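Asks: Each chain, written out:
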Amino acid sequence: MKHLLFAAASLLVFAACQDNHKPAVAKPAAPEITIVAMGDSLTAGYGVPEEGAYPAKLERRLRAEGYNCRVVNAGVSGETSSDALSRLDWILGMKPDIVIFESGANDGLRGINPAVPRENIDKILTRLQEKGVVTILAGMRMVTNLGSTYINDFNAIYPDLAKKHRLLFMPFFLDGVAAKPELNQDDGIHPRAAGYDIIVENILPLARQAIAQWRGK
Amino acid sequence: MRIPFIFRELRASGRQAMVLMSCVALAVASLTVVDSFHSDVVRLLRGDARALHGGDLLIESNYPFSAAMERAVATLAAKGAKVCRQWHLYSLLRHDDHSVFSQLNIVEPNYPLYGQVELQSARPLAEALKPGTIIVAPELLPRLGLKIGDFVQAGEVRLQVVDCLMRESSRPIEIFRLGPPVLAHAADLAAMNLVREGSRTQYKIATALPQGPPAAEDEAKSLRAISQNGAERVETAATARSGVKRFFDNLLFFLSLTALATLLLSGIGVHSSATALVRERQTAIAICKAMGADSAFLFRRYLALTALVATGGVLAGILLAALFKPLFPLLFPGVFPAEHITALNLAAAANASALGFTAALLFALGPLTSLKNVRPMLLLRRETASGLAARAGQALIRAAVAAPVAILLVFLVVRHMEDTRTGLYFLGGLAALTFVAFILTSLALTLARRLDISPLIPRLALRGLSRPGNASVAVITTLATALALLLTMFLVRKNLEDNYITSFPPDAPNVFVLNIQKDEGERFQQLAAVPCRLYLVIRGRLKAINGKPVLAERDGKPAIDTLTREFSLTYQESLLPDEHLVIGKSLFKKDADGKLPLQVSVLDTVRDMGNMKLGDVLTFSIQGVPLEAEITSIRVRNHAGLSPFFYFVLPPKYLEKAPQNAFAAIRMPPGQVAALQNLLAAKMPHLTVLDLGPLTAEIGRVAGKFVRLVNFFAALSIIAGLFILWGSLLASRLPRLAEAVYYRVMGAGRGFIFLIFLVENLALGLAAALVAIVIAQPAAWLLCRHGLDLSYQPCWLASLALAATATLLTGIAALPGQCGTTRSSLATSLKEQWQE
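Residue numbers (the working numbering), protein chains in the order written: chain A, 1 to 217; chain B, 218 to 1053.
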């Protein structure tokens, strides 16, 4: 099972989000913010040490910027959106302030009907919102070898749901990383540590916005 | 004058000479057949490897090939190499409202360069697969509601199904194949529009070089030099690993070991029979010396005698091998096609003869140099040659004589193993084995001497082991070394079988269904309508052992196979059916209140990865939530097959609430798998079904054929072991005879003497067997884990059975000699002893 394939890759490279927003430095006495990174092997950091995966790197970056936060790596390699839905209570049990949610790639890579991940992710986002958790949705783009019918249905899931739930939205989790051999492991789908540096750069502005949203609540 | 002397001695020592010759013949026959078979297998493997990989040289990448690689391939083609491009990808094939996730292999018309593709129609692939057509696995037809001649949507093109794909020699055996295989024509690649930017495709170029495999490695080296960033992998058919090749490698290595073990066992047999020969002829030797013959003269004559007998053994061995080899396809039908079994390989026969002859001389040298110790005085004093301990100076002479022969033997063995390091390890291991056997035997005999046993017969029997001239240390060491070799080979063979054959029993699961959610078990079982067990899985990471963080990387390599990767944990109260505990009395231990505190049972493999032991505290992260548990037991699997297993098992109450899903392991008729897949796709589309049927069938087909072959070569070792037993008992006949006379003079009855010798022989066999077990277990473990990279089971029951059998055999084999010794009258015994 551990060697099942977990992530999508695409050459549809999007321009990296240029963000000139200056970090809001938190007060030293601010309570610790719990950010839970929920997702599959791309979050768990398959093939790299846990410290090399994006949650640990993001925590270091946020702390360096003065945020008193903890980023919990709750990634599970091989997880489908159905698995994610079934473990949502466990995630909520951690009382997260913010959840960065990345899921669905394994549904696509196994050719599961896109209606299934759409329904599951919708339910997960609904539950998170009901619990008042600030959520960042990381989008996924399916590999083109599954055919245009499938990828059109699949790729539409994330922008549709982000819009529906009015979420902070990262259009493509692997933006700037996918399909670049030097940033990916030999399997061509899982990022190396250098790939995670780019992912952290992409996610950082959204994390700052999420923290600001959480503070504004 | 000299030749009659040799023939006279040969006639006078018939039994011993026969044992010696049989030992050499057995070794030579075994080595010749294995060596000769080895060449056949290597020849077959070369062909198989090319067929398995579909080319001499293979280039693979998960990205389109770089311009430099394309130029290099074009250069190869210009030099006459055949090039076949392939694209492997998963995609959805659609028909009406159905779609099936399939493994698409898009190939150029010359596919495969080597090997075969078997179609249902029995047509050649090139005839069946044309542009606009597709060939599908038979199971795809019912899943898509298709029949031959229908059209199926693949990407943006409709392709006509023209045939069914039954078997592909160049398609590697895959455990986790997510969909049925399909073959499409490269001319439709562009129209499908599936391989483009953003697709997940394995690009492959197979080449057939005009010079064949010998040129492949050189070409591969130059291609590796230009491969991009490690993403382009270049392999030759010889270096590309596959499960089948590994099985063949292991089989050949094991057969080589068996043949060498037979050689060395035979060598030990030669030693025993030469010792017996010298003892039997010591009176004649003493007479020769009394008449003026010096030791060097006699040594040369007896060496010539040994060489003559060994030559007879070599010739008999080659004759046996020559008779046996043509019967190979009849004796082992299906193992290899008859056309692959060539006549006896002359080089193999020459090599085996050299090995057998040299080993015979080397092992006979020890007893022959003891001729020096036989003096004319022996005619008057009733001492035996074995009672004459070799002095330090004589030991040196013996070593000086043996050294060149030993070096030659080492050279031949290393050459036989085709790998210097392995050959030296093997010989070093054997030397260590013999030394350890000697030390353990000496210790055992010292202990036996100190044992205070009241009953008379066992007491006399044990004392008898230490009687002067009985050479118990030598006999037990010889037997123990032989038994240790036999047991080691048995254990290695058993583990080979367990790993490759019995791991895939006919009732093993052939379908796995993944991602069953916690509340879906009942519904799934109703739908599947077949008995199956659900295995609960909780994913987590091991963070620390006794508070010490587990290392993130090992030797700078990515931490995929280390303790830092994610593990699948589970909770249950009992062992799985194919597990047993090796440490700990029960899976978990209860506290004083009868409750189960937080604890964990670990599998031996993960215990070895982290040097864990009972009482260690493991810290897990269950998807972000920390959990600490003490190790209370360690489990092992009874075999290494495809049945489910878990590294970490915890008591239910601590993980019941953790996020979890389940997988089902099902055994069902292959014809029903497609129906189950269709049903689940409709009713529970999020489940993934893995059909392992083709994999288990293929492994069973290949591995099952070799059981008899392996057993046959192992049986040769056992026959050699029996010769040793016989030789050893012949060698100690004289002191026993003397002792029988003493007992008779003192008034003992025949039954009493018979019992003493019987118990003594049984004790001798038991001591040898126990020493052999102590040596063979670690030796077999080393060979399995480090030589063959197999999981290891110690098979204690079988070891003890072997000990019991060896003990009984020793007792039984000695019976005829004992009867002869004890049945005769006192006068006859005295006369016989005097004549001896």
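The set of hints was computed from the structure by calculation and includes no laboratory data. Some hints could be false.
[What the hints assert, rightly or not] Pairs of lysine-lysine residues, derived as DSBU-like cross-links and limited to a Cα-Cα distance of at most 35 Å, are as follows:
#: 1; chain 1: A; residue 1: Lys-95; chain 2: B; residue 2: Lys-760
#: 2; chain 1: A; residue 1: Lys-163; chain 2: B; residue 2: Lys-711
#: 3; chain 1: A; residue 1: Lys-123; chain 2: A; residue 2: Lys-164
#: 4; chain 1: A; residue 1: Lys-95; chain 2: B; residue 2: Lys-806
#: 5; chain 1: B; residue 1: Lys-735; chain 2: B; residue 2: Lys-830
#: 6; chain 1: B; residue 1: Lys-760; chain 2: A; residue 2: Lys-123
#: 7; chain 1: A; residue 1: Lys-95; chain 2: B; residue 2: Lys-347
#: 8; chain 1: B; residue 1: Lys-347; chain 2: A; residue 2: Lys-217
#: 9; chain 1: B; residue 1: Lys-900; chain 2: B; residue 2: Lys-870
#: 10; chain 1: A; residue 1: Lys-95; chain 2: B; residue 2: Lys-711
#: 11; chain 1: B; residue 1: Lys-874; chain 2: A; residue 2: Lys-180
#: 12; chain 1: A; residue 1: Lys-163; chain 2: B; residue 2: Lys-807
#: 13; chain 1: A; residue 1: Lys-131; chain 2: B; residue 2: Lys-364
#: 14; chain 1: B; residue 1: Lys-760; chain 2: B; residue 2: Lys-830
#: 15; chain 1: A; residue 1: Lys-95; chain 2: B; residue 2: Lys-870
#: 16; chain 1: B; residue 1: Lys-711; chain 2: B; residue 2: Lys-735
#: 17; chain 1: A; residue 1: Lys-123; chain 2: B; residue 2: Lys-870
#: 18; chain 1: A; residue 1: Lys-163; chain 2: A; residue 2: Lys-123
#: 19; chain 1: B; residue 1: Lys-870; chain 2: A; residue 2: Lys-131
#: 20; chain 1: B; residue 1: Lys-874; chain 2: A; residue 2: Lys-164
#: 21; chain 1: B; residue 1: Lys-806; chain 2: B; residue 2: Lys-765
#: 22; chain 1: A; residue 1: Lys-123; chain 2: B; residue 2: Lys-812
#: 23; chain 1: B; residue 1: Lys-830; chain 2: B; residue 2: Lys-806
#: 24; chain 1: B; residue 1: Lys-806; chain 2: B; residue 2: Lys-874
#: 25; chain 1: A; residue 1: Lys-95; chain 2: A; residue 2: Lys-163
#: 26; chain 1: A; residue 1: Lys-131; chain 2: B; residue 2: Lys-807
#: 27; chain 1: A; residue 1: Lys-123; chain 2: B; residue 2: Lys-874
#: 28; chain 1: B; residue 1: Lys-807; chain 2: A; residue 2: Lys-95
[Claimed, not checked] For the chain A half of the interface with chain B, some residues (derived, Cβ under 8 Å), not all of them:
#: 29; residue: Ala-44
#: 30; residue: Gln-129
#: 31; residue: Val-143
#: 32; residue: Thr-144
#: 33; residue: Leu-146
#: 34; residue: Asn-152
#: 35; residue: His-165
#: 36; residue: Leu-168
#: 37; residue: Phe-169
#: 38; residue: Gly-176
#: 39; residue: Asp-186
#: 40; residue: Ile-189
This one's a predicted model, so the numbers in the text were calculated from it and none came from an experiment. Glycine residues also receive a C-beta, built at the ideal position from the N, C-alpha and C atoms.
Asks: Next step is simple, just say for each hint if it's right about the structure.
Replies: Hint check:
For the hint linking A:Lys-95 to B:Lys-760, the alpha-carbon distance of about 22 Å falls within 35 Å, and the restraint holds. Taking the CA atoms of A:Lys-163 and B:Lys-711, the gap is about 62 Å. The hint is violated against a cut of 35 Å. Straight-line distance between C-alpha atoms of A:Lys-123 and A:Lys-164 comes to about 12 Å, which keeps the hinted pair within the 35 Å bound. At most 35 Å may separate the alpha-carbon atoms for a hinted pair to count; A:Lys-95 and B:Lys-806 meet this at roughly 33 Å.
A C-alpha spacing of about 32 Å is found between B:Lys-735 and B:Lys-830, which places the hinted pair at or below 35 Å, so the restraint holds. For the proposed pair B:Lys-760 and A:Lys-123, the alpha carbon gap of about 32 Å is at most 35 Å, so the pair holds. This hinted pair does not check out: A:Lys-95 and B:Lys-347 have alpha carbons roughly 60 Å apart, beyond 35 Å. Between B:Lys-347 and A:Lys-217 the CA atoms are separated by roughly 65 Å; this puts the pair beyond 35 Å, and the hint is violated.
Taken as a hint, the B:Lys-900 and B:Lys-870 pair is honoured in the structure, with Cα atoms around 32 Å apart against an allowance of 35 Å. A distance of roughly 53 Å separates the Cα atoms of A:Lys-95 and B:Lys-711; the hinted pair therefore is violated under the 35 Å criterion. Annotation: proposed proximity of B:Lys-874 to A:Lys-180 is violated, straight-line Cα distance about 40 Å (limit 35 Å). Proposed proximity of A:Lys-163 and B:Lys-807 is contradicted: the alpha carbons are some 53 Å apart, above 35 Å.
With a C-alpha separation of about 52 Å, the suggested pairing of A:Lys-131 with B:Lys-364 is violated against the 35 Å cut-off. A C-alpha spacing of about 16 Å is found between B:Lys-760 and B:Lys-830, which places the hinted pair at or below 35 Å, so the restraint holds. Our distance criterion of 35 Å between C-alpha atoms is met by A:Lys-95 and B:Lys-870, whose separation comes to about 22 Å. Of the pairs offered as hints, the one joining B:Lys-711 and B:Lys-735 is violated, with about 39 Å between alpha carbons and a cut-off of 35 Å exceeded.
With a CA separation close to 28 Å, the supplied pair A:Lys-123 and B:Lys-870 stays within the 35 Å bound. With a C-alpha separation of about 15 Å, the suggested pair A:Lys-163 and A:Lys-123 falls inside the 35 Å cut-off, and the hint holds. Taking the CA atoms of B:Lys-870 and A:Lys-131, the gap is about 27 Å. The hint holds against a cut of 35 Å. Distance hint between B:Lys-874 and A:Lys-164 is fulfilled; the C-alpha atoms sit about 31 Å from each other, no more than 35 Å.
Note on B:Lys-806 and B:Lys-765: the hinted pairing holds, with a Cα-Cα distance of about 24 Å set against a maximum of 35 Å. With a CA separation close to 38 Å, the supplied pair A:Lys-123 and B:Lys-812 exceeds the 35 Å bound. Of the pairs offered as hints, the one joining B:Lys-830 and B:Lys-806 holds, with about 15 Å between alpha carbons and a cut-off of 35 Å not exceeded. At most 35 Å may separate the alpha-carbon atoms for a hinted pair to count; B:Lys-806 and B:Lys-874 meet this at roughly 22 Å.
Between A:Lys-95 and A:Lys-163 the alpha-carbon distance is near 25 Å, which keeps this suggested pair within the 35 Å criterion. Pair hint A:Lys-131 plus B:Lys-807 does not hold up; C-alpha atoms about 39 Å apart against a cutoff of 35 Å. This hinted pair checks out: A:Lys-123 and B:Lys-874 have alpha carbons roughly 20 Å apart, not beyond 35 Å. Annotation: proposed proximity of B:Lys-807 to A:Lys-95 holds, straight-line Cα distance about 33 Å (limit 35 Å).
Nearest Cβ of chain B to the Cβ of A:Ala-44: about 6 Å, under the 8 Å cut. The hint holds. Checking A:Gln-129 against chain B: minimum C-beta separation of about 20 Å lies over 8 Å; hint violated. At about 4 Å, the closest approach between the beta carbon of A:Val-143 and any beta carbon in chain B falls short of 8 Å, and the interface hint on this residue holds. The closest approach between the C-beta of A:Thr-144 and any C-beta of chain B is roughly 4 Å, which is under the 8 Å cut-off, so the hint is satisfied.
Taking 8 Å as the C-beta contact cut-off toward chain B, the hint placing A:Leu-146 at the interface holds, the least distance being around 6 Å. At a threshold of 8 Å, the smallest CB-CB gap from A:Asn-152 to chain B is about 12 Å, leaving the interface hint violated. Interface hint at A:His-165: violated, since its Cβ lies 21 Å from the closest Cβ of chain B, which is beyond the 8 Å cut-off. The closest approach between the C-beta of A:Leu-168 and any C-beta of chain B is roughly 21 Å, which is over the 8 Å cut-off, so the hint fails.
Hint status for A:Phe-169 relative to chain B: violated, with the closest Cβ pair at about 20 Å, above 8 Å. Because the smallest distance between the Cβ of A:Gly-176 and any Cβ of chain B comes to about 14 Å, over 8 Å, the interface hint for this residue is violated. The closest approach between the C-beta of A:Asp-186 and any C-beta of chain B is roughly 6 Å, which is under the 8 Å cut-off, so the hint is satisfied. Interface restraint check for A:Ile-189: the shortest CB-CB distance to chain B comes to about 7 Å, inside 8 Å, so the restraint holds.
Comparing the model with each earlier hint shows violations of hints 2, 7, 8, 10, 11, 12, 13, 16, 22, 26, 30, 34, 35, 36, 37 and 38; every other hint is respected.
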